[in-house]
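Chemist: Respectively, the protein sequence lines represent chains A and B.
Quick note: the first sequence uses our numbering, first residue 1, plus one each step.
Quick note: the second sequence uses our numbering, first residue 1, plus one each step.
Just so you know, the hints here were simulated from the structure itself, not pulled from any lab data.
It is possible that part of the hints are untrue.
Unchecked claim - Calculated pairs, SDA-like style, for lysine to any residue (alpha carbon to alpha carbon, straight line, at most 20 Å):
| hint | chain 1 | residue 1 | chain 2 | residue 2 |
| --- | --- | --- | --- | --- |
| 1 | B | LYS286 | A | PRO132 |
| 2 | B | LYS241 | A | ILE158 |
| 3 | B | LYS241 | A | LEU7 |
| 4 | B | LYS241 | A | ALA150 |
| 5 | B | LYS100 | B | ASN135 |
As the structure is a computational prediction, the values presented were derived from the model and not from experiment.
The chain contents come next:
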Amino acid sequence: MELAQQLVNGLTLGSLYALIAVGYTVVYGIIQLINFAHGEIFMVGAFGALSTALLFFRSYVDEGQVLPFWALPVLILGAVAASVAIAVLMERIAYRPLRNAPRLAPLITAIGISVFLQEAVRLLYGKIPGFPDAKQKVPFPKIAVVSGDAWTPFGLTIQRSTIFTVGALVICAAGLFYFVSRTKTGRAMQAVSQDPDTARLMGINVDRIIVVAFVIGATLAAIAGIAQGLQVTNVNFKMGFLAGLKAFTAAVLGGIGNVWGAVLGGLTLGIVEALAIGFIPGTFGGSSWKDVWAFAILILVLVFRPQGLLGAKVVDRA
Amino acid sequence: MPQRSVVAVGASLLVASLALTGCGTRGGDDGGDTGGGSGDSKVAKIGVIAPLSGDLAALGKGIEHSVDLAIKQANESNAIPGWKLELAAEDDQATPDVGKNAATKLASDKEVVGVVGTLNSSVAQSVQPVLAAANITQVSPANTNPSLTQGADFATAPKRAYPTYFRTCTTDSIQGPFAARYLFEKAGIKEVATVHDKKTYGQGLVDAFTKEYTKLGGKVVSAQTINPDDDKYDAVISKIKPSNPKAVYYGGEFPQAGPFSQQMKAAGLNVPLMGGDGIFSGEYVKLAGSTATGDLATSVGAPTDQLESAKSFVSAYDAAKYSEPYEAYGAYAYDAANAIINALKTSLKDADSAEAARQATVQAMSSVSFDGVTGKVAFDEYGDTTSRVLTVYQVKDGAWAPVNTEEFK
Chain A
1 MELAQQLVNG
11 LTLGSLYALI
21 AVGYTVVYGI
31 IQLINFAHGE
41 IFMVGAFGAL
51 STALLFFRSY
61 VDEGQVLPFW
71 ALPVLILGAV
81 AASVAIAVLM
91 ERIAYRPLRN
101 APRLAPLITA
111 IGISVFLQEA
121 VRLLYGKIPG
131 FPDAKQKVPF
141 PKIAVVSGDA
151 WTPFGLTIQR
161 STIFTVGALV
171 ICAAGLFYFV
181 SRTKTGRAMQ
191 AVSQDPDTAR
201 LMGINVDRII
211 VVAFVIGATL
221 AAIAGIAQGL
231 QVTNVNFKMG
241 FLAGLKAFTA
251 AVLGGIGNVW
261 GAVLGGLTLG
271 IVEALAIGFI
281 PGTFGGSSWK
291 DVWAFAILIL
301 VLVFRPQGLL
311 GAKVVDRA
Chain B
1 MPQRSVVAVG
11 ASLLVASLAL
21 TGCGTRGGDD
31 GGDTGGGSGD
41 SKVAKIGVIA
51 PLSGDLAALG
61 KGIEHSVDLA
71 IKQANESNAI
81 PGWKLELAAE
91 DDQATPDVGK
101 NAATKLASDK
111 EVVGVVGTLN
121 SSVAQSVQPV
131 LAAANITQVS
141 PANTNPSLTQ
151 GADFATAPKR
161 AYPTYFRTCT
171 TDSIQGPFAA
181 RYLFEKAGIK
191 EVATVHDKKT
201 YGQGLVDAFT
211 KEYTKLGGKV
221 VSAQTINPDD
231 DKYDAVISKI
241 KPSNPKAVYY
251 GGEFPQAGPF
261 SQQMKAAGLN
271 VPLMGGDGIF
281 SGEYVKLAGS
291 TATGDLATSV
301 GAPTDQLESA
311 KSFVSAYDAA
321 KYSEPYEAYG
331 AYAYDAANAI
341 INALKTSLKD
351 ADSAEAARQA
361 TVQAMSSVSF
371 DGVTGKVAFD
381 EYGDTTSRVL
391 TVYQVKDGAW
401 APVNTEEFK
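Construct the entire structure; sequences and hints are all you get.
Modeler: Okay, structure coming up:
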């Protein structure tokens, strides 16, 4: 029974990692950049949803009421808009000028952007009239249907936010599959990933494809931001740091550059963490050691399968 | 042309360095001027080391403002003739390293004679040795870890850790057992789970609680820890749930405890969460949401707004219109600052400079005794407060309400 419960917990956590990990992997697949600011895109998405709730559903938030279900698509739109805007700006201002620079330059830039975005939210969010101070954790609004009492089939506890997170992952993964393999832009993405120079010669606008990669990553990260907000009922400026690190680990675990690898890596990592808390007894168990086990799995996988669980196939050449 | 650009660069460098040194020495210059004007009034500073930014800023700001209030009142009433008191507040970000830097900065300021702080026991551990080496009196309004006053072997062989360290709040070795007795005797709960965040404060509190609770005959059915950087606790909660505790005792602070309570109840573990003074904050109720009703917290002293002696503090604080409320430790910080001011009355009387009075201030602290806003303020041979009053609070209608105030025996 506890095993099943911990699997549910792991699946929830893993789905969240997977949604974020896709962003790392898509961008890496195209331009071989590890976008360390991606965790902050996730955080901005969560704050985008919170801001949307404060702007359009203020009366509900102030009275601590549950937002109606139709607020959910509005919040998702707000979150996606915020994340995508920041991601596109980031690509345009910071990464594009460094396109042909040595690899280390964009990497360090990414870390700089990460710190910049965290501090910007920490210091400036509360300065916007009517918005709460973001130096501390800010409560996230509850939404009908996706927040509320847990379902308890067969003695299991399944949170509604779990259903939302796992459902979002399934829908996003299916959408991504369709996009990458069936649409023209998606196939152009595969082409750029395999050989950008030849792709350009074939008439593909490589800059546009790179922007598309950032947009896809940001969209999924924004949805993950809402999922996190619903699960833990609060958001804070540094939520992207640890989540981003874990999602990056998940992407490497699955095989960076490979979209399905990111999904599998995320789920694996989440389940390993949950099982480590639940079933490893004594000193080395419990939540203190869960990250150790998660990274131990990563090291093992990298020793025996350096290309990651699924290797690098779908949208990749590295 | 090249020459001109060299000049331009040189000039801008010069301006920049002037601006920088200007910033660096401004504080010192001000002090020097007022200090040099002998006869008028010399300056002595009372420092504050508390988290003024970050998760715990709500509590830290309350401390800063309350000390500021005490200093202003002392200056107005000319409590120490010939001396003017000033506030020197430093942010420790609730982090031991940052706290140590803040302490070093205050210790090198010759006008600092006393420091109110810190909030966190873990930060106090790194601040204590720095201030002790400089003979600066430190009074904490909020550190509850027993080892800070009575040494690492506080349970078996108490030994004063630092002669310069005092505190106005009671310790975990009283707070933990107080909570244990309340749960076991008053609330009739015989089975609990414990959770802590592995920080000095949280672990100390849970250890003290567990010892008393099992002694009374209660059973700790599950003992877990969480990672303070985590946001999600459902795996830990799933581990606790099958052991069917009737309450969860939490050692740690509200930024984690609030979401923990919320997630615990969302996961169907509908038992009260009880914690120490670290969760006794309005922010806890906000983070824990509507399901927080029934959650419990112990905090040091009697409720500030109900104490007859605290009324003047509360009204003066409101009148000063600080931007943040005094929170859980405001009254203790106010008493801590007044304890230092009382000691300064004797030590500064014949002193030439603030720095020369540091040693005398430490000595004068042991004889400080007055009626503060939280009750009688006096220190025992370890530097602990002699007051052992604690209160149990419970969340009702979205706010903490006192349920039981008692002296711990």
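Chemist: Now look at each hint and say whether the structure bears it out.
Modeler: Hints, one by one, checked against the model:
Among the hinted pairs, B/LYS286 with A/PRO132 is consistent with the structure: their alpha-carbon atoms are about 12 Å apart, no more than 20 Å. Taking the CA atoms of B/LYS241 and A/ILE158, the gap is about 14 Å. The hint holds against a cut of 20 Å. Between the alpha carbons of B/LYS241 and A/LEU7 the distance comes to roughly 15 Å, so the proposed pair stays at or under 20 Å and holds. About 14 Å separates the Cα atoms of B/LYS241 and A/ALA150, which keeps this hinted pair within 20 Å; it holds.
The suggested pairing of B/LYS100 with B/ASN135 holds, with an alpha-carbon distance near 15 Å, which does not exceed 20 Å.
Violated hints are absent here; each numbered hint is respected by the structure.
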